[in-house]
Each structure stands twice: as C-alpha cells, then as structure tokens.
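Each chain, letter by letter, is given below.
There are 2 protein chains.
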Amino acid sequence: MTAASDGIPRVIRLDLAYHGGPFHGFAANRGVPTVEGLLRRALGRVLGHEPDLAVAGRTDKGVHARAQVVSFTTPRDDLDLDRLVISLSALCAPAVVITSAAWAPPDFHARFSARSRSYLYRVLDAPVGDPLRADQVWHVRTALDLEAMNRGAADLVGENDFTSFCRRPKHPPGASLVRGVTEAGWERVGDEARFRISANAFCHQMVRAVVGAMIEIGRGRRTPDLIGEMIRRADRTGAPSLAPPHGLVLTAVGY
Amino acid sequence: MTAASDGIPRVIRLDLAYHGGPFHGFAANRGVPTVEGLLRRALGRVLGHEPDLAVAGRTDKGVHARAQVVSFTTPRDDLDLDRLVISLSALCAPAVVITSAAWAPPDFHARFSARSRSYLYRVLDAPVGDPLRADQVWHVRTALDLEAMNRGAADLVGENDFTSFCRRPKHPPGASLVRGVTEAGWERVGDEARFRISANAFCHQMVRAVVGAMIEIGRGRRTPDLIGEMIRRADRTGAPSLAPPHGLVLTAVGY
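Top line first, the protein sequences correspond to chains A and B. Mapping of the first sequence onto the numbering used here: residues 1 to 255, in sequence order. Mapping of the second sequence onto the numbering used here: residues 1001 to 1255, in sequence order.
The set of hints was computed from the structure by calculation and includes no laboratory data. Only a predicted model underlies this, so the values are computations on that prediction, with no experimental measurement involved. The C-beta atom is built at its ideal place from N, Cα and C for all residues, glycine as well. Just to be clear, a hint being listed does not mean it is correct.
[What the hints assert, rightly or not] A few chain B residues that don't get close to chain A, going by computed Cβ distances all over 10 angstroms: (1) Val1032; (2) Asp1077; (3) His1109; (4) Arg1151; (5) Pro1240; (6) Val1249; (7) Tyr1255.
[As the list claims (entries may be wrong)] To spell it out: a stretch of chain B is covered by chain A in this simulated footprint if at least three of its residues, at any positions, have a beta carbon under 8 angstroms from a beta carbon of chain A; those stretches are: (8) 1053–1061; (9) 1124–1134; (10) 1169–1177.
With these hints in hand, go ahead and build the complete structure from the sequences.
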C-alpha cells in the first residue's frame, strides 16, 4: 500500500447501479457472487488495495439499485476519478455500472451520513405477464385496488415501529425498529402499479413486507386498516408473505 | 390424434411475447432451447399432438418479441381457448407469454397472410450504461447524431433491394431480396435513441444490418448517403458490423 503525499487517507464516494439478478445481495458473502465482492475485487485491481466499503442500502438477493452509494478510504491521492469510473465499470459490467466517483469530505460515510433512502416497487396487475419486464416487476393476475392500498400506505408515514415488517435476525438484539417514513404511496403508470417509499432508514426486508401486506389489501383479502394494525401490534407473527425481491429497486439516497 | 366432430382441421392463431435471452432464436433447432421448441412441447401436452407451427417473424438468437404471431391446424374443435392461453402460459413462463388464442379463418397462415412486420431497435448512447436495461438496449458510448441517421433512414423507405443488408445463406438461391419498407426513422425517447421500421417482410438480419450501418453514420464515421449507396451497390462485402441482437424487438405484425 502506497502512502499518500500528505499521509492522510482520503474518502471516495462511488455512485452505482446494478441488476440484482446475478447477485446474492450487496453484502460480501463467501462462495456466492455479491455486488460488494465484485466491486472490492475491481477496486483491488485498480487501486492496488481492497478497501472496506460502506454502503447506503444493503440490498438483499435479487433487489436492484438505480442509485446506490458506496464510500471507502484510500491512501491514494493521485487518482484520476474519471478514469476510475471507466476502469471499474469495465471490470463490473454489465450487471454493475459505476455512474460517478468523487472525492468526499473526510467525515463522509455512505451509510452513516445518509439521511434518506428511497425505493420503488413495481407490480404488473394484469391477466398475462410481460416477459420483457419479468425480471423487474412482480406479476399478479388480479387487478389491484390502488385507492384501498393508498389508504393503507398513509398509515406508514411518520415515526413508526416496523417490528411487524422486519426480519429480526439481521438487527442487534434490542435495537429499535422505529423508522421515519416521509413518503409512501401507489400510483398507476401505464399498466403497472408502482409504490414509492422514502424513509430515514429501513429495517431488513421492510419494503417487501410492506408491499406484501398492501397487495393483500389491493386484492380485497384484507382491509386498509391492516397496515395500522400491524404497526400497533409490533409482532411479525401471521404477517402476509413478503413481496418477491425482483420488483424492488433502490432509487435514491439523500445526504 | 383425435378427429374433430366435422373432420375438418381448424386453424388457431396464437399471439405471444418473449424475451430472446434464453433462446437460440425462434426456429426449432435440435439440442438448443428455442421458442418454437418450447411452444410445440407445451402444445403437445395441452392438445395431445405437436402441431407444425407457422410464424410471422423468425427472430434470431437473442431477439425479443412483444407481438409475435403463430398459427397451426388442429383436429380438436372442443378447445376452450381462454384455458389454452392459461395452460400454455403456465408451461412457457416466464420467458414466453401467450397473450391470446383465437380461431382463425381456414386460410389463415401466420407467415403467408402477414402483410407487414414492425420492429423497434433501442440504443442507449451515453457514457455509462444501465444494468437494468442491459438486456434490451445496445449501449454505445458516443452521443449519436439522429438527424444524420434519419437522413440515411429515409433512403430505406420504398421498394428496395436489401442484398447489402442480408445474410444470403438463409434465403433460397436466386430469391429476390427486394422488400417494401413503409416506415423507417429514429426518435429520441428519454436517454435512448429508438429506431422503428415497418416493411412487408424482412430478409435475414436486415434490421440489425441497417441499424449497424446507421450507427456508423450517427457516430460521424460515415455520411448519411451510406444507406442509399449500400442499396444501389447490392453487395454485402465491406458492410458495417451488425448491431447486436438484444436491442431488437418485434413489435407488431399486420394482417
């Protein structure tokens, strides 16, 4: 590892997009392909050292990202970041693309500096599916009642305990599962029902759990007060199934 | 094979969509996955006989279809076609979806009755690619000059000899490669350059050859008169490279 001219490690921020299909999630995991694993190996080849990565949103297996953010420190201060983007993208394409690289303030941390995350979930509610979107929309055969789903979604907004919508094992024992949701709503875009949600942070599998519950409302199997009830109950037992991962995409991280 | 009650075989028209990625093209080919092979096996299970299929557009390996049309005859006149759609789609999903099935006139033939075919070719001309579209757009790093490309495209329209844009071996010796193009043009849709072309019929690899030549114009390596020159020359020698198959999709067949 070469020392920087002033000896102070510097922080680089990478913005990237990826297709979740080929990966077992973002986080490095021995023996399976991951976004982090691919990116660290590429950085190792370009930088001469494999940095530890901080990430804004640890997406699960199969989940996509349009705007993921990663940061790391490097002793290298001689880097041409435009060239870094090109080199990394060449090593990671086509499933991962680096959209930008920039020097960040010394206290920048992709995860801890992030103030908001936004996700989009796409559903095709039609009798027949679409093979050209099958990797990015959840196909349900029933026409969904978006108005009812939006009444449920309204109960998500605010500071709420999302225990009913989280996989506990990924969180430290006793950790709060209260999250602040700033936006949650469905809209019809062409033949798709699209759900957008923003929060300060998300607990594990929260968006897929929330979507799974709202689809039950949209199909008429549950009433819109399901969401508020689940928040108050704060117990995952008996919760509706998770929506599948391939309909989900991380769309923005705010700092 | 069971005889129909009146003994007269009847014609069924299927409309279907597929993702070209998993297939070595439409046409059945021993030992490799094809759309025709998958569909014939599914029909065999549902009908009790594997019919010979006529197809409107024999797409190549990797080419997609939003609106392909297939026809076949069957001695079965007891079929519930709504159920046929559901059964076939269940057997062919997710890469192939049957969008409709209908009884057709006795002289209907998906290939010979078709009067027009329309294709769309999608190009992302931007410094960085998009992993969420990488299977359906051709990524070129240079910003394309659509105005120049459209001047070239104008020379495609009309009754022209497309020898310079065709792979000969797939056509009978001496067969005419004159095709009637009714529409050909590029437009900008968001960050994509999209090419639409309609003709009475296409010869083998014609759209990919035409797009490959026009991209050379759009990059400024060739002038717009390249297309007219290639048509007049009627010789494939020295033609620009084919555009890759994954940007191409069959969008409509007219009868």
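How the hints compare with the structure:
1. Remark: the non-interface label on Val1032(B) is consistent with the geometry, its nearest Cβ contact in chain A lying 18 angstroms away (cut-off 10 angstroms).
2. Every CB of chain A lies more than 10 angstroms from the CB of Asp1077(B), the least distance being 24 angstroms, so the non-interface label holds.
3. Interface exclusion of His1109(B) from chain A stands, the closest Cβ pair being 24 angstroms apart, more than 10 angstroms.
4. The claim that Arg1151(B) lies off the interface holds: its Cβ sits roughly 31 angstroms from the closest Cβ of chain A, which is beyond the 10 angstroms cut-off.
5. Every beta carbon of chain A lies more than 10 angstroms from that of Pro1240(B), the smallest distance being close to 23 angstroms; the non-interface claim holds.
6. Listed as a non-interface residue, Val1249(B) fails to keep its Cβ farther than 10 angstroms from every Cβ of chain A; the least gap is roughly 7 angstroms.
7. With a closest Cβ-Cβ approach of about 21 angstroms to chain A, Tyr1255(B) is found to remain outside the 10 angstroms limit, as its non-interface label requires.
8. Using a Cβ-Cβ cut-off of 8 angstroms, 0 residues of the segment 1053–1061 of chain B lie near chain A, which falls short of the minimum of three, so the contact claim is violated.
9. For a cut-off of 8 angstroms, the count of residues in the segment 1124–1134 of chain B with a CB near a CB of chain A stands at 6, and the three-residue condition holds.
10. Figure legend: the segment 1169–1177 of chain B, annotated as covered by chain A; annotation inconsistent (0 residues with Cβ-Cβ distances under 8 angstroms, at least 3 required).
Comparing the model with each earlier hint shows violations of hints 6, 8, 10; every other hint is respected.
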